[in-house]
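Keeping the supplied structure of chain A fixed, place chain V upon it in accordance with the hints.
Number of protein chains: 2
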Amino acid sequence: MADKPKRQFNVVFEPAGIAVQVNTGDSILKTALKAGVHLTTTCGGSGTCGSCRVRLQKGDVDSVSSDAISQDEINQGIRLACQSYVSQDVTIEVLTNTSPDLEAPVAQTSLSMLNSSPELNPVATKHLLCLPVPTAGDNRADLKRLRYALKNHGYDEVIIDYQAVKNIPAILREKAWEATATLIHSTPVPLLSRLESGDTTTTNFGVAFDLGTTAIRARLIDLNTGSILAEQTAYNRQRDYGEDIISRISFCRKRGGIDILQKLTVDTLNALVHDMAALSGIDTDNISCMVVAGNTVMIQLLLAIDPEPLRLSPYVPAIDSVSPLKTVDLGINLGRHCYLHIIPAVASYVGGDIVAGVAACGMHESDKINLYIDIGTNGEIVVGNRDWMVTAACSAGPTFEGGGIKHGMLAIPGAIEDFSLEAPDATPRISVIGSASPAGICGSGLINTVSELFSTGILGRNGKFNPEASCARVRKGEDGLEYVLAEGNSSSSGRDIVLTEIDIDNFIRSKAAIYAGCQTLMESVGIDMSKLDNIIIAGTFGNHIDTENAIKTGLLPDVPREKFRFIGNGSLMGAHASIISRQQYAATSRLADIITGIELSENGAFMDNYVASLFLPHTDLEKFPSVGN
Amino acid sequence: MADKPKRQFNVVFEPAGIAVQVNTGDSILKTALKAGVHLTTTCGGSGTCGSCRVRLQKGDVDSVSSDAISQDEINQGIRLACQSYVSQDVTIEVLTNTSPDLEAPVAQTSLSMLNSSPELNPVATKHLLCLPVPTAGDNRADLKRLRYALKNHGYDEVIIDYQAVKNIPAILREKAWEATATLIHSTPVPLLSRLESGDTTTTNFGVAFDLGTTAIRARLIDLNTGSILAEQTAYNRQRDYGEDIISRISFCRKRGGIDILQKLTVDTLNALVHDMAALSGIDTDNISCMVVAGNTVMIQLLLAIDPEPLRLSPYVPAIDSVSPLKTVDLGINLGRHCYLHIIPAVASYVGGDIVAGVAACGMHESDKINLYIDIGTNGEIVVGNRDWMVTAACSAGPTFEGGGIKHGMLAIPGAIEDFSLEAPDATPRISVIGSASPAGICGSGLINTVSELFSTGILGRNGKFNPEASCARVRKGEDGLEYVLAEGNSSSSGRDIVLTEIDIDNFIRSKAAIYAGCQTLMESVGIDMSKLDNIIIAGTFGNHIDTENAIKTGLLPDVPREKFRFIGNGSLMGAHASIISRQQYAATSRLADIITGIELSENGAFMDNYVASLFLPHTDLEKFPSVGN
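Residue numbers (our numbering), protein chains in the order written: chain A, 1 to 629; chain V, 1 to 629.
With the rest of the complex left out, here is chain A:
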């Protein structure tokens, strides 16, 4: 091939203006990774999810055709980064918000700790050791020699894992007594988990996971720099055995059920790790550790621990935290040296995902009183500061994920995410994720639509269509009155997409549960909403909420807008923060012991607050002074 050298081209990523030289045939996705430009992909670069869309600004690429992109888009210069290959100099525009699953990177988040990222002090470190060659006068054991070298690195006491040193004679002798030791720092005494020949210190990776009931989100992190090498989301394969947590727990009562679900989660983790490693060109063998944050049931299923008691009063979790364990012991396809860490849970209904997010925000270090809300199938709430913290979960139901809504859907391409009635003649305008034909409405679309219909008087405070509004789009459907969001001639299914009064009622119940949960939790510690310094909204969904509309509908409290902080996936952020900082991991683990759980379902005050919240925005308008009537 000497007569046909590889040609190199310049690729520029805008708007950041990052330039990189690559070889002919490299994909744009791979090029972006090389340039440190973060593109989301949920399908692992197979061209099916469409979440890595970019736009050509100058030059062209060789693209493979894909169903995930329309001819219209292609005509506009849109391409899938994973299906496009460099064949000339090219300038690429990175599109934001094209993917429904785009996570907020740590750097975007606020509050004390994350104003400045935690100091890089990862849970697993690599150390190059240059050992003296043995002589007749110094024939100490190989391992003793190693321990002395570790002492010189400041590690006086180190637990030696047998598996790590089983081949020590060959390892030390292969590269002239130069070796690299991997230490795990999350144990009371550092643990030597791996020993390699020569200098391998540049390859030390970790994976952070948010283990959700529906989706598992993963980040591959370079532990030497703290930077994200790849990020992936996949559906939790357990979904084959039930969408919700209760059906998963029920399945575990079947013989072998726990092991089936455990394996499906592990399969998902394995696929995510494999894909991220392939995308970023690293060897999975160089993954030294994992941190997993997740809800209590998902964590117990990952560990194959019977979740049955979580379903029955008094809802007792099996574990809060366990000591770091070997990933191979769970069937994860990684080296024997890779250790897995679990972020501990507070209670059955407040898992390590919440603890991780709260810790990532630095609430436990702050003098200020912060309210943390994670909105998903459940709304989990934490309020407090460095001295105290209380938490509760309120059953918001699956409304914000499309559940219980006639044309509800997840925030994926085709979902209506915004709605407005435009002056002068109140023409309805919808905004659809992925610029696709509308297929349904997602959680943020629901909030925005209800807010707009309420603001314009089409919807009354009780959540019913106002008979005096005489709106052409309101009609009588098979489930009662409904609003036509999109007509069949423009929808992907050919059917009208509607929002019914029943949908709106379900939405109001959900938003009331969250607001009443916040109110009750704060009343339980005698703090008024106005005393809050910050309201932190976590969750992928939360990141897409329009604050004004959320307040208008009474989902969020009516406080000065600058108090709101949107952090995206707090769970993943917390797992990430813990893996790159052992202090953060320790603080997060302690936090679960500090937070006090409060049970709302048996709380009379909660029921009163909930009923009072079943209006738009609330029965008590004094609580929402900025919302006009």
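Incorrect hints may appear among the rest.
Chain copies aren't distinguished; within one or between two, either way the pair holds.
The list that follows gives simulated cross-link-like pairs (lysine-lysine, DSS-like), each with its CA atoms no further than 27 Å apart [as the list claims (entries may be wrong)]:
no. : residue 1 : residue 2
1   : K476      : K406
2   : K30       : K623
3   : K263      : K563
4   : K531      : K406
5   : K175      : K531
6   : K406      : K263
7   : K263      : K326
8   : K326      : K144
9   : K254      : K175
Since the hints were made in silico from the structure, they are not lab data.
Everything numeric in this text was worked out from a predicted model, so none of it was measured.
Okay, now just chain V, sitting in the frame of chain A:
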């Protein structure tokens, strides 16, 4: 069977006078275990080794016939305890010294620590935890509840092994929130290795091993009392691949060789554990931990670590110590909760077996200067006190195990173990192990014979037969001059059993290596033999040495006899002491770092001392004032 109740009989063991009631059909061996009477068995009670001989004093037993016992013996009332069953009241005499492998129990040993046994504080403990039943007001996680209970037992921080708590929901609920936790104390922070339903605190066992090249000796110990439940010895199954250490190391260069040898050792350990458990009626699942002391090569082979560097200058061991590891990781057939501990080595030629013995004697705590000698294939020597300790190994060769001796053999039944020329007419008298027909001569027999022949002038100081002695038993054989120990008409083979001048020369070389080793080691620290406070002789062989005869031949130094201490198998004793006392385990582990190894093979002074020792007892008679010429 209600009409045929089991009948009970009284069995009395003499000379201790211990009485016990047992059922018809129980074996005498099982009855002895029940009575706490220690009988040695090396074949696991299968009737083949003959080491559990007892004598009937009153009454009779039902015995199964066995090749391991002669009709003569049976006529004398001798029986094999394992093949004899109770059918009436019976009084049994326990015979001492019938077994060549009888270990010295810890209680027989002397010196500081073992004058009083170490305080019972075992490496693994069991704790009964009675947990509060969860309520709506107290729905802490199962594991958190458990941790609080452990805190109440004084354990503030405990490492939780995932495998131990995987079934925690069922374990805690099965016996109404009463559970038993097993803690391992040899880690920097205690480790929860097992959790069981209800109260299982009475069943907590450990196994101590002396892992030798030829034989593996094991003790099953009740960790709640420190008492020995069973003791067994088996040949190391690695012997199929070579009798000596060098041939084992060589075999490891073959593909898969290490794994083959590793598995053979593990097979031996498994068989020993199985047999001891069966004999004492315990469930192997209740074995919580193991401690293994052994020579450096055997330990590396147990751990499947390449021993090749141990064979080549500068003779570097792979490991000194490793952190406790799970026995299942080595293929040992015990529960996942069982942890194995290795007593660390000082050097390739001074292993954990020596360190264990030295620690068991309390040399590291003593102001006195002690000399520790373990005589086997190698002679390992340690001298020092609480402030300093030096060690060396000297190649004594296999003489004392019968190697290099024409009719040499191990100290098993049929071996001549004593010899004397009785007045008035110097009639030779031999004493044979097991009262059997003589088959050869063992190490102690060799010392006693050479000493007697030298004392009576038949042998000269140079180890040659004295031509002026005109002894009828000295004759010219095919290998030169030889002494007839037993004639063919009385020997088991029908051939004469002889001791040749070549045999005597080999013996002298061996005893010279040991004496010169001791002398050189002591000179290296500037201490004279007369300054020694104690001389501790370890090793099964050592236990059978006649001190006077050993001094007469120059094997042992000529110091006041009360300074000699015979401790038997120091390695097994040390493993035993470590398993019942975590302080002893810690002290033993530290000891390997404190002892300084000295290489004799490259030491000029050693060669000089060795050559000077090649006489009976020595060229310098001033060193042996008590030995008359």
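The hints, checked one at a time:
For the identical chains of this complex, K476 and K406 are intra-copy neighbours only, at 14 Å inside a copy versus 113 Å across copies, given an alpha-carbon limit of 27 Å. Proximity of K30 to K623 under the C-alpha cut-off of 27 Å is found in neither arrangement, the shortest distances being 51 Å within a copy and 83 Å between copies. Taking CA atoms no more than 27 Å apart as the test, K263 paired with K563 passes in neither setting, with 42 Å inside one copy and 66 Å between copies. When the C-alpha separation of K531 and K406 is checked against a cutoff of 27 Å, the pair qualifies neither within a copy, at 38 Å, nor between copies, at 98 Å.
Within a single copy, K175 and K531 get their C-alpha atoms no closer than 62 Å, and across copies no closer than 48 Å, so neither meets the 27 Å cut-off. When the C-alpha separation of K406 and K263 is checked against a cutoff of 27 Å, the pair qualifies neither within a copy, at 34 Å, nor between copies, at 65 Å. Both within a single protomer and between protomers do K263 and K326 lie at most 27 Å apart by alpha-carbon distance, with minima of 16 Å and 24 Å respectively. Taking identical chains as interchangeable, the C-alpha atoms of K326 and K144 lie at most 27 Å apart whether they share a chain (25 Å) or sit on different chains (22 Å).
With identical chains, the CA atoms of K254 and K175 are at most 27 Å apart between copies only, with a shortest distance of 23 Å across copies and 53 Å within one.
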